[in-house]
Amino acid sequence: MLRAKAAGAAKAVLCVALAFSVSACSGGVLGGLIGTGSNPTPTFDLSAPTNFGTLPPRARGLLAVEQPTALQILDTEKIVISPNPGEVAYLSDAQWVDRLPKLMQARIVQSFENSTRIRAVAKTQDRVSADYVLVIDVRQFGIVAYDGPQAVVELSVKIVYQRGGRIAAGTVLTSRVAAGGTSGQAATLALDQAFSDVLVQMVKWTSRRI
Numbered sequence: 001m002l003r004a005k006a007a008g009a010a011k012a013v014l015c016v017a018l019a020f021s022v023s024a025c026s027g028g029v030l031g032g033l034i035g036t037g038s039n040p041t042p043t044f045d046l047s048a049p050t051n052f053g054t055l056p057p058r059a060r061g062l063l064a065v066e067q068p069t070a071l072q073i074l075d076t077e078k079i080v081i082s083p084n085p086g087e088v089a090y091l092s093d094a095q096w097v098d099r100l101p102k103l104m105q106a107r108i109v110q111s112f113e114n115s116t117r118i119r120a121v122a123k124t125q126d127r128v129s130a131d132y133v134l135v136i137d138v139r140q141f142g143i144v145a146y147d148g149p150q151a152v153v154e155l156s157v158k159i160v161y162q163r164g165g166r167i168a169a170g171t172v173l174t175s176r177v178a179a180g181g182t183s184g185q186a187a188t189l190a191l192d193q194a195f196s197d198v199l200v201q202m203v204k205w206t207s208r209r210i
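Under the working numbering, think of the first position of the sequence shown as 1, with each following residue one higher.
None of these hints come from the bench; they were simulated from the model.
Wrong hints could be hidden among the right ones.
Dumping the calculated DSBU-like pairs for lysine-lysine here, alpha-carbon to alpha-carbon at most 30 Å [to be verified]: (1) K158 - K102; (2) K158 - K204; (3) K102 - K123; (4) K102 - K204; (5) K158 - K123; (6) K78 - K123; (7) K78 - K102; (8) K123 - K204; (9) K158 - K78.
Quick caveat: nothing in here was measured; it's all calculated off a predicted structure.
Using the sequences and the accompanying hints, generate a full structural model.
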């Protein structure tokens, strides 16, 4: 009898420990906490827009989205801030849920899916037989503290024919959004708004050219 009670108590302790570990490991959503130790870094996500206004008729082509290219300072989960002209640093109280190019690619694909104006869209890593490839280079993605402050997102976008690699069209998409401050929450909120604006521009521009 005592042995059965001891086994039951041990099982209860194990269940509590497992529940705590699952709770501690959950995160990755906007405003979640990821990290170890007593001071985990607040972690933020980017969103994909759902409202695109008036769009042209549904395109017939299949679109593959390449993972955006970026300079090394942007190819990270850290969030860039420019305190002074020509000076760059990282916010100490915020980070993205993943490396910025990988996170951006996921949200770009999701945005095209949300628009329902592209017959099919996928990542190039999926190795689909696409008609067009969307090639993106990140020119700017961060907080300009000395001018506002404001969030600045600037992307160079090209539509490339899958066969032959010829460029069908290219453009530069930009958005600037006033930030309520340079804290992690204010900065990421402004960057998310600026990125969403650029994604709406991207969907509209692309859907008119394929």
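*So which of those numbered hints doesn't the model satisfy?*
none
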